[in-house]
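Visitor: Sequences and hints are given; from them, build the entire structure.
From first to last, the protein sequence lines are chains A and B. This note's numbering numbers the first residue of the first sequence as 1477 and each following residue consecutively. This note's numbering numbers the first residue of the second sequence as 7 and each following residue consecutively.
No lab work stands behind these hints, which were simulated from the structure alone. Quick reminder that beta carbons are idealized off the backbone N, C-alpha and C, glycines included. Watch out, some of these pointers could steer you wrong.
[Stated by the list, open to error] List of simulated lysine-lysine pairs, DSS-like, C-alpha gap at most 25 Å:
no.	chain 1	residue 1	chain 2	residue 2
1	A	1506	B	16
2	A	1606	A	1506
3	A	1619	B	16
4	B	16	A	1498
5	A	1777	A	1733
6	A	1814	A	1730
7	A	1703	A	1814
8	A	1699	A	1782
9	A	1554	A	1479
10	A	1480	A	1506
11	A	1554	A	1619
12	A	1506	A	1545
13	A	1553	A	1521
14	B	112	A	1622
15	B	112	A	1619
[Stated by the list, open to error] The following label-pair restraints were derived from C-beta to C-beta distances:
no.	chain 1	residue 1	chain 2	residue 2	range
16	A	1587	B	11	50 to 56 Å
17	A	1543	B	14	35 to 41 Å
18	A	1811	B	11	51 to 57 Å
19	A	1525	B	22	34 to 40 Å
20	B	28	A	1676	29 to 35 Å
21	A	1653	B	104	30 to 36 Å
22	A	1507	B	88	51 to 57 Å
23	B	61	A	1618	14 to 20 Å
24	A	1543	B	61	48 to 54 Å
25	B	61	A	1525	18 to 24 Å
26	B	32	A	1522	38 to 44 Å
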Amino acid sequence: MSKKRIVHYINQFFGGIGGEEKADIKPEVKEGVVGPGMALQTALKDEGEIVATIICGDSYFNENLEEAKVEVLNLVKKYDADLFIAGPAFNAGRYGVACGTIADAVKNELGIPSMTGMYPENPGADMFKKSVHIIETGNSAAKMRKAIPLMASLATKMLHGEEIGSPEEDNYIPMGVRKNYFHDVRGSKRAVNMLMKKMSGEAFTTEYPMPNFDRVDPLPPVKDITKAKVALVTSGGIVPKGNPDRIESSSASKYGKYDIEDLGDLLESSHETAHGGYDPTYANADADCVLPVDVLRDLEKEGKIKELHRYFYTTTGNGTSVASSKAFAEEFSQELIKDGVDAVILTST
Amino acid sequence: MDLENQQRVKDLTEKHGAENVVVLIGAAEAEAAGLAAETVTNGDPTFAGPLAGVQLGLRVFHAVEETFKSAVDEGVYDDQIGMMEMVLEVDEIIEEMEEIRGEFGKFND
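Guide: The following block contains the structure:
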């Protein structure tokens, strides 16, 4: 049986062409191993052979994403690869994005098994961890010696078509895949055991690790709220009756911006909630209980705030990703600033 | 170790022979010293430079090691390196250097 064929992708630096000044080179191919490929080939022994190495400048790839992808895919096809390996990219951002993009394209467009390696904080890891196996590496090339055996081990499994184990077993960044299996101890017992360990200060491993959310430092308090223009923003899904922009009841892909200039109170006939994650009975009967327009109008009249901003912004927080929420807020915060809003009240459900 | 320095070490070793070359390192941290030492013995650990996959196995020492210290004038050493010796993690550096020499050095005399 002939040896399995591997194509390896690296950047200009690891290709020995140069640093930042050579980052705009177009993809080129060299037969056999180059740079880290030497170490990979040694670690792979006879399991497979790196038949070609594609070298591409990080700037070129990122600035010409579509063309570069096509060029690299054509090269991979030409060498009739059984496996594609990109990197490892460690914590190099543009290199990581290039490795993730191309490994994803090879896997999903050519149907060839593919993998890469990165430091978990590499932006490429966040972008592609769900679609590609990314071996978790240290943050710099100094950790190459540790990364190579892990890359080679997963590569060997892929070459043999063996089933890939859990992220812990095969050292890749969790892809967010849940797999059912039978545990010999029932859930309640495992949970109590975990709690007992926690209470006695022993080490325990959670079965459901929480994602890492960033923490936002609060801004200094509003100096004089009676002079402030206040806006309402909600993740409680309050929308004009009929949900004109069809904001999804969960995992929202958009937010709405609605005019309340002439409204003193949200009525059952005028507003409702699009949210699919709580009992909407009361919010539909009186949307002010989620988006308190009525109370803010009172405060406005009493001079406790200067004014209520004429638009409110809304989405459904139910299952909506942190990344989408951030993107929505980045966009409408600019509008709020432009409109001279001094303070925002965020209401949830 | 940057790519130019790797090339210099490679050229000098080709010119004089590995047995006649000693590399002296002044890195301030054990990890950096170890990486430089590994580069000139086992080859560039990042596999990016001219010494990738080239196992020169050269004799390599750090400036705070006894071998170097005892080979130079004590007064000059104190003037030039004495101060640094006080602030560096000397034991850590020495341990790292010994480990690399033991594992990859070809001239362990």
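Visitor: Work down the list of hints and note, for each, if the structure agrees.
Guide: Going down the list of hints, with the structure as the test:
1. 1506/A - 16/B: With a Cα-Cα distance of about 23 Å, the restraint between residue 1506/A and residue 16/B holds, given a limit of 25 Å.
2. 1606/A - 1506/A: violated, 30 Å
3. 1619/A - 16/B: holds, 23 Å
4. 16/B - 1498/A: OK: residue 16/B and residue 1498/A at ~23 Å, within 25 Å.
5. 1777/A - 1733/A: Holds - the C-alpha atoms of residue 1733/A and residue 1777/A are around 24 Å apart, at most 25 Å.
6. 1814/A - 1730/A: holds, 21 Å
7. 1703/A - 1814/A: holds, 17 Å
8. 1699/A - 1782/A: Holds, because 13 Å separates the two Cα atoms, which is no more than 25 Å.
9. 1554/A - 1479/A: holds, 17 Å
10. 1480/A - 1506/A: holds, 18 Å
11. 1554/A - 1619/A: violated, 32 Å
12. 1506/A - 1545/A: holds, 18 Å
13. 1553/A - 1521/A: Judged against 25 Å, a Cα distance of about 24 Å means the pair holds.
14. 112/B - 1622/A: Given that 25 Å is the threshold and the Cα spacing comes to 23 Å, the pair holds.
15. 112/B - 1619/A: holds, 23 Å
16. 1587/A - 11/B: 50 to 56 Å: Violated, at about 44 Å.
17. 1543/A - 14/B: 35 to 41 Å: holds, 38 Å
18. 1811/A - 11/B: 51 to 57 Å: holds, 53 Å
19. 1525/A - 22/B: 34 to 40 Å: holds, 36 Å
20. 28/B - 1676/A: 29 to 35 Å: About 56 Å separates the Cβ atoms of residue 28/B and residue 1676/A, which means 29 to 35 Å is violated.
21. 1653/A - 104/B: 30 to 36 Å: Roughly 45 Å apart at Cβ, these two residues miss the hinted range, so it is violated.
22. 1507/A - 88/B: 51 to 57 Å: holds, 53 Å
23. 61/B - 1618/A: 14 to 20 Å: At 18 Å between Cβs, range holds.
24. 1543/A - 61/B: 48 to 54 Å: violated, 40 Å
25. 61/B - 1525/A: 18 to 24 Å: holds, 22 Å
26. 32/B - 1522/A: 38 to 44 Å: The hinted range 38 to 44 Å holds for residue 32/B and residue 1522/A, with Cβ atoms some 42 Å apart.
In this structure, the hints that do not hold are numbers 2, 11, 16, 20, 21 and 24, in rising order.
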